[in-house]
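Protein chains: 2
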Amino acid sequence: MPLAGEDRVKLQSLQSFVAGELAAFEREYESLLTGELDLLQEICGHLRLGKSKRFRPTLLLVTSKNGGEMHEDAAFAAACVELVHTATLVHDDFIDEAETRRRLPTVNVKWGPSAALIMGDFLYTKVFSLMTDRGMDEAMRIIASTTFRMSVAEMMQLERRGEVDLPEDDYFTIISEKTAVLIAASCEIGALLHPKLRRHHAELSAFGHDLGMAFQITDDIFDYRGDARRLGKPVGADWKEGRITLPFIAAWRNAPEETRKRLREAMGPKAGDPAAWEEVREMVQNYGGLEYSQEMASHFGERAKENLLTLAAHPQAGILSDAVDYVLRRLD
Amino acid sequence: MPLAGEDRVKLQSLQSFVAGELAAFEREYESLLTGELDLLQEICGHLRLGKSKRFRPTLLLVTSKNGGEMHEDAAFAAACVELVHTATLVHDDFIDEAETRRRLPTVNVKWGPSAALIMGDFLYTKVFSLMTDRGMDEAMRIIASTTFRMSVAEMMQLERRGEVDLPEDDYFTIISEKTAVLIAASCEIGALLHPKLRRHHAELSAFGHDLGMAFQITDDIFDYRGDARRLGKPVGADWKEGRITLPFIAAWRNAPEETRKRLREAMGPKAGDPAAWEEVREMVQNYGGLEYSQEMASHFGERAKENLLTLAAHPQAGILSDAVDYVLRRLD
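Residue numbers (the numbering used here), protein chains in the order written: chain E, 4 to 335; chain D, 4 to 335.
Possibly wrong hints are sitting among the right ones.
For chains that are exact copies, the list does not tell them apart, and a pair is met inside one copy or across any two.
Stated by the list, open to error - Below are the DSS-like pairs computed for lysine-lysine, each with C-alpha atoms no more than 25 Å apart in a straight line: (1) Lys113 with Lys273; (2) Lys56 with Lys308; (3) Lys264 with Lys243; (4) Lys54 with Lys13; (5) Lys113 with Lys243; (6) Lys13 with Lys56; (7) Lys13 with Lys308; (8) Lys273 with Lys243; (9) Lys54 with Lys113; (10) Lys308 with Lys199.
No lab work stands behind these hints: they were computed from the structure.
When you get a sec, could you build the whole thing from the sequences and use the hints?
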């Protein structure tokens, strides 16, 4: 897997800028992802095993890094952002009835839907409780509005599930509110902890948002293109869960009427029929769904970089520009 | 239903002290229990129909009332507390697979488990987001820690489900963290909005906690004793959902070994067998489960009133003492 290899290098080079901070984050995350009941400890332990790429904490630690000093709240804030991310995954897996996540059984499958529901509530409210205890009112405000927007996006995604004619704008709204806002929050909270980048928090939030858009689009491309082993989840999951994403939207728009008609017949009234997957995948490949999505990912990537222009004097400008390349390079 | 009639009078007399405030609360609650998507509007509209007794908002409004003036945040804070309560009910109904709530189908039944899960997240995060936007950091801290404790209690309840030998202390821990903390929070937040009661916020929190304990115990008694029409939910629901409550715990302790043995055989290894319900109910009635629970409810009621001693100079002392009587009188 040469691509995966290159990816790793790219992400590692980003992460090497904040190696010490990430180690502090890991300690903090591990100490926070716990609970006082046996059942909570068991589930927390399981969640700690399924290690993510630490993309959001990395961004927070990069934006907050001020020379050799580490802000006393940085590792803690990064852990909070990652806990929120973990909570959304636990609830997402419940909604999608996903069986595995990061090659491990989901909480939903292993402990049942009630435990998955409560676990998400536990993690969200733990973050809120910890942040307010620590008096981090500014970060708290961002996290509260971010998680609220994410819940609305979840509901929108549920409402629009299986809608084959989902307008592109609605897709962008969903990924903005579901994914991009938390990446934006990570960058903004980091900036607010940095004495000089503080005044650039709005640009860094906008940067994170555009980066998040590119990130989600590339994820959605992988679902049509990637190999299951690399993704850690089966290809075609979005389709099978009735999630209409950009590659489909673009190809569906371009496909001739007879193709659309045939597909509509193959899949019935709603998207999501697993039997239609191979035909859907073919349509997406034949009618430019991947190319268009790639263009859009690049567009958001470029826009993300434009937000860095005012930061040119800071090392963050280069590192965050690399973060954009990392996200886009996942496609090469 | 003469009992229900008396109840209503009692609660109404409490509520007449804050009639204007409650009207303001209703407007606020209605304006907040909405969403911008069709699906959110539909579910919010449904939730607005299932009107609660407004017990928590009433307590908050009573404790915050300072003569004729109403604190500008009081109706809003009361609405937030009620929204949190509504969120927990939506998630509870999912966990319990309840079919009806306040004589209406539950969100889980009407819109499915994913909608129920997201709806709870939406309401919780909306409250956090609104409170932080409004800069109510003090109330926010209380709500955050309260909802966190409630999620732990939910997990504990799930973990201990069907455990016939649940120790009484663990039962008290569960109802403290599941129910009493939010009633405590309602009283404490109200106190913090009152210029003179502010310094009594700890006593009022303790008052609310004891009141909440009494409230939950009486609820648990009803589940063995009440009539389904009055409860708005079927009798025996706790048992059937494997929730071991005080009436059972007390009677189980008193019952002779042969009764316990017969019951164990009738119900298999875990509590919750609906077929055993009549026999369980009989045991609870025959072996003092109701009397003991009633005593404990009175005990917490008395303790609640003791917390009011330092407030004797304020009209709240009398009104809140009535609130205790209202809770206990539900049993007469």
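Consistency of the hints with the structure:
no.	hint	in the structure
1	Lys113 with Lys273	between (30 Å within a copy, 20 Å between copies)
2	Lys56 with Lys308	within (22 Å within a copy, 54 Å between copies)
3	Lys264 with Lys243	within (19 Å within a copy, 50 Å between copies)
4	Lys54 with Lys13	within (18 Å within a copy, 55 Å between copies)
5	Lys113 with Lys243	both (21 Å within a copy, 23 Å between copies)
6	Lys13 with Lys56	within (12 Å within a copy, 58 Å between copies)
7	Lys13 with Lys308	within (17 Å within a copy, 64 Å between copies)
8	Lys273 with Lys243	within (11 Å within a copy, 38 Å between copies)
9	Lys54 with Lys113	within (17 Å within a copy, 36 Å between copies)
10	Lys308 with Lys199	within (19 Å within a copy, 54 Å between copies)
Checked against the numbered hints listed earlier, the structure breaks none of them; every hint is satisfied.
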